[in-house]
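Participant: One letter stands for each residue in the lines below.
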Amino acid sequence: MTDPQAKPAIEFENVSVTMGGVRILEGATAEVPKGSTTALIGPNGAGKTTLLMTILGQIPFEGTVRLSDGPSGAAPRIGYVPQRLDFDRGTPITVMEAMLMGLQRRPLWLGMSKQYRDEAHAVLAEVQADRLANRRLGVLSGGELQRVLLALAVQQKPDILLLDEPASGVDVAGGDLLCELLEALHDRHHFTQVMVNHDMSNVLAHASHVICLNRRVIACGPVASTLSDEVLARTFGIHLGLVDVSTCRINPHEPPVRPSGGKEAR
Amino acid sequence: MMDLSPLYDAIAKLVPLDCMKYEFAPRAMVALVLLAPMCAAMGVQVVNFRMAFFSDAISHSAFTGVAIGLILGTSQHLTMVALAVLIGLGIAGVSRRTSLSTDTVIGVFFSAAVAFGLAVVSRDRSVARDVQRYLLGDILTISDAEVVALGTLFVALMAFQAFGYNRLLYTGLNASLASAHRIRVRGYQYVFAAILSLVVIFSVWSVGVLLVTALLIVPAAAARNFANSAGGMFWWAVGVGLASAVAGLLISLQPWADTAAGATVVLVACALFAISAVVSFFRRQRG
Numbered sequence: 001m002t003d004p005q006a007k008p009a010i011e012f013e014n015v016s017v018t019m020g021g022v023r024i025l026e027g028a029t030a031e032v033p034k035g036s037t038t039a040l041i042g043p044n045g046a047g048k049t050t051l052l053m054t055i056l057g058q059i060p061f062e063g064t065v066r067l068s069d070g071p072s073g074a075a076p077r078i079g080y081v082p083q084r085l086d087f088d089r090g091t092p093i094t095v096m097e098a099m100l101m102g103l104q105r106r107p108l109w110l111g112m113s114k115q116y117r118d119e120a121h122a123v124l125a126e127v128q129a130d131r132l133a134n135r136r137l138g139v140l141s142g143g144e145l146q147r148v149l150l151a152l153a154v155q156q157k158p159d160i161l162l163l164d165e166p167a168s169g170v171d172v173a174g175g176d177l178l179c180e181l182l183e184a185l186h187d188r189h190h191f192t193q194v195m196v197n198h199d200m201s202n203v204l205a206h207a208s209h210v211i212c213l214n215r216r217v218i219a220c221g222p223v224a225s226t227l228s229d230e231v232l233a234r235t236f237g238i239h240l241g242l243v244d245v246s247t248c249r250i251n252p253h254e255p256p257v258r259p260s261g262g263k264e265a266r
Numbered sequence: 001m002m003d004l005s006p007l008y009d010a011i012a013k014l015v016p017l018d019c020m021k022y023e024f025a026p027r028a029m030v031a032l033v034l035l036a037p038m039c040a041a042m043g044v045q046v047v048n049f050r051m052a053f054f055s056d057a058i059s060h061s062a063f064t065g066v067a068i069g070l071i072l073g074t075s076q077h078l079t080m081v082a083l084a085v086l087i088g089l090g091i092a093g094v095s096r097r098t099s100l101s102t103d104t105v106i107g108v109f110f111s112a113a114v115a116f117g118l119a120v121v122s123r124d125r126s127v128a129r130d131v132q133r134y135l136l137g138d139i140l141t142i143s144d145a146e147v148v149a150l151g152t153l154f155v156a157l158m159a160f161q162a163f164g165y166n167r168l169l170y171t172g173l174n175a176s177l178a179s180a181h182r183i184r185v186r187g188y189q190y191v192f193a194a195i196l197s198l199v200v201i202f203s204v205w206s207v208g209v210l211l212v213t214a215l216l217i218v219p220a221a222a223a224r225n226f227a228n229s230a231g232g233m234f235w236w237a238v239g240v241g242l243a244s245a246v247a248g249l250l251i252s253l254q255p256w257a258d259t260a261a262g263a264t265v266v267l268v269a270c271a272l273f274a275i276s277a278v279v280s281f282f283r284r285q286r287g
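These protein sequences, in sequence, are chains X and W.
Just so it is clear: in the first sequence, position 194 is 194 by my numbering, and no numbers are missing.
Just so it is clear: in the second sequence, position 250 is 250 by my numbering, and no numbers are missing.
Check each hint, because a few of them may be wrong.
[Stated by the list, open to error] Straight-line C-alpha distance at most 20 angstroms; calculated SDA-like pairs for lysine to any residue: (1) X/K157 / W/F163; (2) X/K157 / X/R105; (3) X/K114 / W/L135.
[To be verified] Okay, the calculated bits of chain X under chain W, using three or more residues with CB under 8 angstroms as the criterion: (4) 84 to 97; (5) 216 to 228.
Derived from the structure by calculation, the hints contain no laboratory data.
We put the CB at the ideal spot given by N, CA and C, even for glycine.
Please construct the entire structure, taking both the sequences and the accompanying hints into account.
Facilitator: Here it is as structure tokens:
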């Protein structure tokens with residue numbers, strides 16, 4: 001649950017990214033409230049994934065990205081679910097081995113520790129993937145693989161969970177299941193969730209906050225007060241006309257939002 | 001220098017074949033039994049990282065290593081090792097800092113290494129004989145000092161594999177994900193590149209520039225077909241590497257074969273790979 005008084009989990013201050021001579025992000029300034037489910041929306045090429053990468057520190061950028069400390073005062077722990085895992089599907093690695101490769105120091109060729117296996121089973125059960133433990137990673141369907149990736153991220157005990165279009169390449173049922181799992185995980189673990197999302201119905205149903213991007217931050221704030229027709233038009237370049245923001249369902253766990261709560265960038 | 005003759009005697013007794021009567025044979029056996037599992041173990045990651053071309057570039061740097069040794073008037077082995085590690089780390093460093101694909105970066109280093117070596121060789125014909133030695137390699141002429149060096153590298157490499165196997169697996173699966181999940185990807189990549197460079201250049205002395213990559217790739221490729229898990233893949237690769245080394249050396253020493261040891265080792269490994277491909281095919285058929 002978000003606390004309006006708390007320091008934001010993530011603050012972007014004048015963040016710009018140039019790659020190969022092309023300006024991908026221009027002076028992005030926005031906040032992600034602690035405990036929120038924040039959606040990054042915008043058209044293709046708007047810089048959504050790039051903004052996510054600045055949080056991970058995996059690309060060079062100008063400006064500042066501030067992450068607030070975790071509960072222990074140390075740097076926050078981050079869990080990351082990529083859009084799709086680009087890996088060699090022929091690699092003989094089981095789901096359980098994938099779960100343990102970041103946990104266990106003893107090499108997998110000397111066996112798997114029972115303690116870590118039990119821990120991994122528990123996390124896999126949370127994403128309804130425990131029956132996949134002995135399957136090879138390369139034979140999983142798109143939805144199953146995304147759930148395993150989610151388990152890998154949750155296993156990090158993250159303070160901040162970053163998801164890059166986790167439901168892309170997954171069928172509708174798989175996408176719905178993923179969203180339900182995310183909501184349940186968010187309620188249980190209270191992490192701050194930042195998700196790149198193309199699916200507006202999904203954003204309206206599950207996100208509490210939104211950052212509208214089109215190379216610049218067009219607007220950011222609570223979903224209900226931020227997603228106006230005008231903001232959507234400026235974000236996507238046309239009048240979207242497909243979403244009636246007045247009927248959007250606000251995340252029931254969020255406090256009521258003020259009509260003028262959103263910050264619109266001019 | 002450590003006296004290794006008791007070890008060679010023990011091996012000669014363990015393998016009671018005529019060909020093991022000569023001291024060079026047990027010495028070559030020890031060297032191959034050390035080298036093959038090292039190559040196989042590193043090969044698992046070379047296959048996962050898709051780095052076959054990397055080992056080619058390092059092995060071909062042997063020519064330049066020999067050339068620099070001659071120019072400086074120092075030990076050729078020393079310059080070969082130093083240059084191999086330098087090129088390995090150079091490739092790893094430049095790949096991280098450029099938008100060029102890793103293949104392209106390796107290609108540039110590869111070309112420079114070969115061209116420099118050939119340029120020096122072309123000026124001095126007497127060097128050509130040395131270069132040819134490394135092109136084909138000769139495990140039978142390996143010295144005790146080189147066996148000790150191989151043993152030292154074996155211990156260091158297995159310690160690194162025991163410490164880093166799981167994290168290297170994570171990095172090979174997806175470096176970006178591994179890095180996000182607090183794996184020190186950069187550190188592992190540099191140490192891996194340095195150790196792989198050492199293994200490759202040691203292998204050049206034994207099996208020659210042309211066959212080094214085979215020693216790395218073929219056991220690991222067979223292991224991918226045989227294994228059902230990442231842990232199993234390691235043992236299958238080491239097993240195939242060891243079996244190929246022992247069988248290949250013994251076959252090459254038989255009067256009816258009388259073939260180059262390195263080439264015979266690789267041929268046995270390729271035969272094991274063919275068997276693994278059949279096993280994999282039938283496994284897939286069964287679903």
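Participant: Indicate, hint by hint, whether the structure satisfies it.
Facilitator: Verification of the supplied hints:
1. X/K157 / W/F163: 23 angstroms, violated
2. X/K157 / X/R105: 18 angstroms, holds
3. X/K114 / W/L135: Outside the cut-off at roughly 49 angstroms; violated.
4. 84 to 97: Holds: 10 residues of the segment 84 to 97 of chain X have a Cβ under 8 angstroms from chain W.
5. 216 to 228: violated (count 0)
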